[in-house]
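Peer 1: Please model the entire structure based on the sequences and the hints provided.
Chains as they are written, first to last, in UniProt numbering: chain E, 1 to 272; chain D, 1 to 272.
Just so you know, nobody snuck in bad clues.
A pair holds if it fits inside one copy or across any two, identical chains being indistinguishable in the list.
Below are the DSSO-like pairs computed for lysine-lysine, each with C-alpha atoms no more than 30 Å apart in a straight line:
id, residue 1, residue 2
1, Lys197, Lys222
2, Lys20, Lys197
3, Lys20, Lys143
4, Lys98, Lys143
5, Lys143, Lys197
6, Lys10, Lys20
7, Lys10, Lys257
8, Lys98, Lys10
9, Lys257, Lys20
Think of the hints as simulated: they come from the structure by calculation, not from any bench.
Residues per chain are reported as follows:
Protein chains: 2
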Amino acid sequence: MVRHNLEYPKDIHNTVNRYKHQAVYSLTTIHTIINTTPVLHVSFTPSPESPFPVILPMIGQMGSFSHPSRDLGDPLDCYLHGYVSSRIMNLSRQEGGKGLPVCIAASKVDGLVLTLTPNSHNYNYRSSVLFGYAQLVSDPEEKIWAMELITNSVLPNRWSNTRLPPNAAEMSSTQILRVSIHSGSAKVREGVPNDEKADIENEELLNEVWTGVIPVYENFGKPVPGPYNRVSVPEHVRVREEWNERNERYAREAAGKDAPVAGKKKEAEGDD
Amino acid sequence: MVRHNLEYPKDIHNTVNRYKHQAVYSLTTIHTIINTTPVLHVSFTPSPESPFPVILPMIGQMGSFSHPSRDLGDPLDCYLHGYVSSRIMNLSRQEGGKGLPVCIAASKVDGLVLTLTPNSHNYNYRSSVLFGYAQLVSDPEEKIWAMELITNSVLPNRWSNTRLPPNAAEMSSTQILRVSIHSGSAKVREGVPNDEKADIENEELLNEVWTGVIPVYENFGKPVPGPYNRVSVPEHVRVREEWNERNERYAREAAGKDAPVAGKKKEAEGDD
Numbered sequence: 001m002v003r004h005n006l007e008y009p010k011d012i013h014n015t016v017n018r019y020k021h022q023a024v025y026s027l028t029t030i031h032t033i034i035n036t037t038p039v040l041h042v043s044f045t046p047s048p049e050s051p052f053p054v055i056l057p058m059i060g061q062m063g064s065f066s067h068p069s070r071d072l073g074d075p076l077d078c079y080l081h082g083y084v085s086s087r088i089m090n091l092s093r094q095e096g097g098k099g100l101p102v103c104i105a106a107s108k109v110d111g112l113v114l115t116l117t118p119n120s121h122n123y124n125y126r127s128s129v130l131f132g133y134a135q136l137v138s139d140p141e142e143k144i145w146a147m148e149l150i151t152n153s154v155l156p157n158r159w160s161n162t163r164l165p166p167n168a169a170e171m172s173s174t175q176i177l178r179v180s181i182h183s184g185s186a187k188v189r190e191g192v193p194n195d196e197k198a199d200i201e202n203e204e205l206l207n208e209v210w211t212g213v214i215p216v217y218e219n220f221g222k223p224v225p226g227p228y229n230r231v232s233v234p235e236h237v238r239v240r241e242e243w244n245e246r247n248e249r250y251a252r253e254a255a256g257k258d259a260p261v262a263g264k265k266k267e268a269e270g271d272d
Numbered sequence: 001m002v003r004h005n006l007e008y009p010k011d012i013h014n015t016v017n018r019y020k021h022q023a024v025y026s027l028t029t030i031h032t033i034i035n036t037t038p039v040l041h042v043s044f045t046p047s048p049e050s051p052f053p054v055i056l057p058m059i060g061q062m063g064s065f066s067h068p069s070r071d072l073g074d075p076l077d078c079y080l081h082g083y084v085s086s087r088i089m090n091l092s093r094q095e096g097g098k099g100l101p102v103c104i105a106a107s108k109v110d111g112l113v114l115t116l117t118p119n120s121h122n123y124n125y126r127s128s129v130l131f132g133y134a135q136l137v138s139d140p141e142e143k144i145w146a147m148e149l150i151t152n153s154v155l156p157n158r159w160s161n162t163r164l165p166p167n168a169a170e171m172s173s174t175q176i177l178r179v180s181i182h183s184g185s186a187k188v189r190e191g192v193p194n195d196e197k198a199d200i201e202n203e204e205l206l207n208e209v210w211t212g213v214i215p216v217y218e219n220f221g222k223p224v225p226g227p228y229n230r231v232s233v234p235e236h237v238r239v240r241e242e243w244n245e246r247n248e249r250y251a252r253e254a255a256g257k258d259a260p261v262a263g264k265k266k267e268a269e270g271d272d
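Peer 2: What follows is the structure, encoded as structure tokens:
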């Protein structure tokens with residue numbers, strides 16, 4: 001079967017209006033950024049009277065309980081778990097029908113892009129947002145499936161290497177939100193510095209200012225055994241070298257790529 | 001003069017209701033987390049008709065233009081800059097009086113805390129939220145001061161090592177938001193794994209499951225010169241070793257500390 005590269009349709013919520021050339025609507029790209037970001041930021045409106053939206057840091061993962069064989073390029077739900085105030089949980093319980101409207105954001109910095117002028121400075125980065133409706137998961141089977149999904153997103157195979165199954169108290173104290181996705185988008189910037197034409201032709205400036213990229217990536221240190229640990233570091237905990245290499249490679253390769261629209265910065269900025 | 005350790009007063013917006021023992025209201029702690037996080041997540045309500053709040057990733061920094069000698073323990077504004085849709089800029093221009101209500105969040109993961117049961121798993125982390133009112137900075141002097149503040153937050157001393165001053169086109173295309181802070185809070189988790197008493201007394205479990213912390217920290221790679229770079233790496237760009245050591249040390253030390261409420265997990269959870 002031919003695979004389609006699905007995209008979220010553009011609407012008033014997800015359409016990127018500035019630096020459009022960096023916008024991505026591909027489900028694969030958006031879902032991959034969400035799934036590889038250790039902390040998601042989830043925003044909701046706590047009450048019609050409150051002037052402020054609230055942001056909670058939560059752990060989350062894309063998945064489909066009803067269609068578990070779907071991959072990252074398919075329509076998926078976002079499952080959320082976090083040590084959070086119960087406000088969001090109560091609100092999503094009260095909201096009848098669709099659920100509580102939320103915005104979910106995931107952002108990674110891949111490099112500091114240092115240019116000739118302060119204004120052209122940038123990050124290499126990957127950033128996703130999703131808009132959707134959150135509902136509490138009440139089916140115990142779906143809940144335990146999501147708990148396993150989220151635990152294994154922090155460290156692959158961790159779930160089956162712990163005490164299972166969760167007991168009744170653990171099941172009732174754990175709350176999982178399933179967010180049905182309405183739309184989403186991503187922005188990705190990779191590549192070398194990209195200055196304005198007039199600055200690149202300024203010989204004096206070129207002889208004075210260092211331009212380039214400092215790669216940035218998440219690094220995992222040597223595992224530190226806890227006070228009641230008795231066993232040696234098992235295979236599934238020995239992931240750091242592989243992860244560190246992967247992360248460093250991405251940031252380094254992003255730093256050396258051609259800039260997305262070399263020499264076209266001015267035009268792109270006019271998108272707004 | 002005696003320095004006071006100022007705190008944001010608790011109100012309906014910033015009070016932490018879950019895991020209260022990890023809550024911090026100290027201005028120094030909250031502002032430090034904001035200032036050392038490379039991407040802030042800023043949420044606002046785009047219009048009364050829209051069901052979804054919006055989150056934008058932005059670069060920001062705490063500071064006081066009117067009282068530049070204030071330090072991180074003092075009341076400060078949050079200055080924001082980002083390659084963003086102009087929606088937030090337009091909204092903050094339209095909102096008369098106080099400005100556009102926003103929530104600003106900054107989160108860092110410092111370690112994966114691996115425990116005996118999935119439910120006790122955690123991150124070591126530092127997380128701040130601020131609530132406030134955003135207004136566009138119109139005074140050119142304040143704007144250029146904030147541009148310097150934000151540029152140097154990405155890389156110390158970068159501002160004075162680039163082509164200055166910004167020209168008229170750069171000044172008009174750059175928009176800076178000043179967020180007047182209403183309240184804020186932080187949550188900090190550091191320390192060793194912390195399981196339930198019954199699990200820690202389970203001999204079979206202790207002989208099977210590895211428990212401990214995998215430290216996580218942001219790492220900076222070797223600077224990659226851009227295609228039109230002509231100069232050797234200057235002193236102010238050679239920061240990675242110092243930063244990497246500092247970041248690694250924090251994550252490693254956090255991994256080895258006593259858990260915040262060892263043996264009291266159950267009680268703390270009851271805070272909700």
